[in-house]
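Colleague: So the protein sequences, as listed, match chains A and B. The letter at position 109 of the first sequence is residue 109 when you use the numbering used here, and the numbering goes up by one with no holes. The letter at position 201 of the second sequence is residue 201 when you use the numbering used here, and the numbering goes up by one with no holes.
Calculated directly from the structure, the hints in this document are not laboratory data. Heads up, a few of these hints could be off.
If you want the ones that stay clear, here's a sample from chain B, every Cβ over 12 Å from chain A, calculated [what the hints assert, rightly or not]: (1) Arg33; (2) His126; (3) Glu235; (4) Tyr253; (5) Lys272.
Stretch-level coverage of chain B by chain A, calculated; a stretch enters the list once three of its residues show a Cβ under 8 Å from a Cβ in chain A [to be verified]: (6) 93-107; (7) 115-123; (8) 138-147; (9) 170-177; (10) 324-332.
Using N, Cα and C, we set each Cβ at its ideal position, and we do this for glycine too.
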Amino acid sequence: MATEILMPALSPTMEEGTLAKWLVKEGDTIESGMIIAEIETDKATMEFEAVDEGTMGKILVEEGTEGVKVNTAIAVLLEEGEDASAAEKAAADTPAPAADEAPNATEEAPAKAPATAAAPPPVSAGSDPDWPEGTEMKTQTVREALRDAMAEEMRRDDTVFLMGEEVAEYQGAYKISQGLLDEFGAKRVIDTPITEHGFAGIGVGAAFGGLKPIVEFMTFNFAMQAIDQIINSAAKTLYMSGGQMGAPMVFRGPNGAAARVGAQHSQDYAAWYAQVPGLKVVMPYTAADYKGLMKTAIRDPNPVIFLENEILYGRSFDVPVLDDFTIPFGKARIARQGSDVTLVSFGIGMTYAMEAAEKLAEDGVSAEVVDLRTLRPIDYDTVIASVMKTNRCVTIEEGWPVASIGNHLSATIMTRAFDYLDAPVVNCTGKDVPMPYAANLEKHALTSVPEVLEAVKQVTYR
Amino acid sequence: MAARKATAKSAAKPNVSPEDLMAYYRDMLLIRRFEEKAGQLYGMGLIGGFCHLYIGQEAVVVGLEAAAKDGDKRITTYRDHGHMLACGMDPKGVMAELTGRQDGYSHGKGGSMHMFSKATDFYGGHGIVGANVPLGAGLAFSDKYRGNDNVTFTYFGDGAANQGQVYETFNMAALWDLPVVFVIENNQYAMGTAQARSTSSADLHKRGEAFGIAGEIVDGMDVLAVKAAGDTAVEHCRAGKGPYILEVKTYRYRGHSMSDPAKYRTRDEVQKMRSERDAIEHVRTMLLGGGHASEEDLKAIDKEIKGVVNAAAEFAKESPEPALDELWTDIYAAEIPQENA
């Protein structure tokens with residue numbers, strides 16, 4: 001029987017890829033382990049090995065095709081004795097599934113990233129736009145926006161340098177630093193050994209010495225090895241020295257759950273770092289915010305924790321085409337205006353908030369969505385003003401529930417807008433458990449659009 | 001990387017002029033008298049919290065500062081008063097920080113363990129054992145990045161030498177040839193734990209061997225031996241050959257901190273070091289024996305130092321407590337602090 005060769009998932013967060021090159025042609029004999037194609041994932045170009053033996057019957061997806069969904073049939077392999085007609089038949093029987101109908105898009109399919117990784121609804125500009133009306137826009141991924149932000153700042157200031165694991169020759173474990181080594185050289189794009197505590201400390205020392213390091217953690221989970229240097233050395237020295245010296249630097253890397261990487265690689269540190277005076281904490285959602293806030297972070301004379309998200313790296317958004325585009329810290333974005341309920345979120349939490357707001361609109365509920373963007377400082381005024389307007393509030397984040405950002409906002413809203421509240425604030429958070437591996441459990445451990453909808457029901461007494 | 005011997009003992013003592021010797025005497029004496037006064041003020045309740053005195057270890061910083069030049073940096077742990085005085089910080093500002101007053105180096109917000117001085121390239125004053133070691137390598141990194149020939153003296157104790165981040169730092173400092181002198185002040189006790197009880201191998205100067213870092217053992221009760229070793233280490237670093245380790249054998253006469261009764265060692269042990277190995281007595285004998293100074297000359301210095309220390313103590317008592325507004329300053333910088341030229 002003819003066997004279909006499916007587009008493989010080659011990274012935890014890969015949903016689609018480019019079939020860069022076929023290394024075999026129809027009629028070739030295929031052996032198990034043979035490299036048959038090159039596939040570009042969101043992170044790298046990978047070689048794709050055959051699992052089964054046989055003859056290449058038909059190539060269904062031409063090389064150079066972009067956006068091929070995971071699990072799409074890309075070729076048909078024939079067993080001994082079968083001829084090309086079997087391949088034709090097999091191909092005709094199973095048309096390449098479209099993205100939305102792909103089997104892995106359902107809840108049950110284990111290979112799929114969480115449903116939260118679905119394409120984001122368009123982001124509408126708030127009432128106070130970050131760039132002038134009529135500015136030319138281009139579509140960019142979060143990954144590209146981050147790289148551009150770093151490159152622009154490195155061109156602007158030669159004391160800015162990047163250090164971390166695999167940032168230079170490997171071009172970044174998540175390809176954020178792609179091309180930076182070529183442009184800036186090994187002096188300014190520095191591969192470190194796997195030694196977070198040590199290189200974080202060296203970065204802080206270099207900042208004491210007047211440089212502006214960008215320290216990349218391959219993920220913030222690994223930064224727990226270095227948290228003493230981040231908090232005791234970077235955050236507190238300006239205070240302890242009576243203002244004489246501090247650490248003008250950025251600690252950055254992916255934070256929170258990716259997709260099925262288990263408990264030790266799936267923690268959201270937003271609330272942890274947001275608690276520390278002396279740090280600034282940024283957790284953007286859109287590519288434009290990633291770019292504008294990263295440039296601000298690099299210029300800021302204080303240590304900045306820049307919490308990225310692996311699932312967002314490959315997402316595309318409109319980014320303004322401006323020579324020098326920055327976004328100030330402490331200014332939330334009204335991502336969607338509304339009047340019935342305020343949804344407050346940040347980072348990847350915004351995917352739930354925006355999707356929920358769409359669904360609520362269909363039901364005639366007008367939700368205002370506030371994207372905090374920075375967690376230290378927090379733009380309390382925008383949140384309070386929105387709550388005073390809608391009288392109801394739901395907060396959304398992927399982190400744990402105890403001492404969460406949502407808890408803190410609830411307390412602040414209670415203090416500053418008690419008389420305006422028509423219902424207690426509800427916090428949608430990740431569950432109070434370490435992150436499980438199983439696909440269904442992981443999804444269950446995160447918050448979800450249905451949870452947000454349920455919370456909105458609760459606060460609107462519907 | 002150049003061939004690195006594990007124990008390149010700096011045998012030769014430096015050519016030190018009588019004037020230099022006199023200066024070392026003065027500097028060491030200042031530290032001792034200052035620390036004695038700090039102990040006294042602590043007893044009077046004018047200094048609070050943790051206060052770690054440097055008495056007994058004076059030759060280490062004074063000898064190494066004699067090997068330093070302008071632009072060199074230093075960073076240490078919480079037993080830091082001696083380092084600050086030796087690099088030229090004002091005793092008044094240091095003492096006022098100890099008393100938690102407005103005129104202290106950190107306006108009363110740092111205390112004994114956390115003082116800094118950009119003007120003298122003193123980078124603290126760090127309270128977490130071992131944490132200042134990568135910071136010191138980072139300072140050295142900033143000098144190498146800029147392409148100058150400055151060196152960073154990174155001081156830590158025999159206790160800190162067992163922290164993991166020290167070895168992470170050794171690896172990168174050697175890998176990147178950072179101009180850093182790792183000074184292990186081995187006073188033989190990590191708080192109350194004797195070295196033999198905490199450390200599998202006593203030879204801390206060999207701890208860099210696995211990374212190709214040269215190290216040597218130094219008599220820390222002899223300021224001239226320290227100076228000679230410092231010269232060797234600094235020359236190595238300035239020549240671009242990477243880091244260097246000095247294990248300086250020393251001894252603290254007082255407890256780990258003011259609240260430590262030091263029951264883990266005998267009174268006799270301390271007394272023996274004091275009477276037979278004291279670094280200040282050693283220089284005093286050299287000055288007198290060599291005919292470089294008379295008893296009267298040294299008495300005059302003693303008197304002068306006493307005056308400096310008393311003035312510092314008075315200043316530290318008179319300086320006002322920080323204004324309550326000070327609580328809210330220096331949490332965030334408005335702009336990048338400017339590098340001192």
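Colleague: Each hint needs a verdict: does it hold in this structure or not?
Modeller: Against the structure, the hints come out as follows:
no.: 1; hint: Arg33; result: 25 Å, holds
no.: 2; hint: His126; result: 7 Å, violated
no.: 3; hint: Glu235; result: 22 Å, holds
no.: 4; hint: Tyr253; result: 28 Å, holds
no.: 5; hint: Lys272; result: 38 Å, holds
no.: 6; hint: 93-107; result: holds (count 4)
no.: 7; hint: 115-123; result: holds (count 5)
no.: 8; hint: 138-147; result: holds (count 7)
no.: 9; hint: 170-177; result: holds (count 3)
no.: 10; hint: 324-332; result: holds (count 4)
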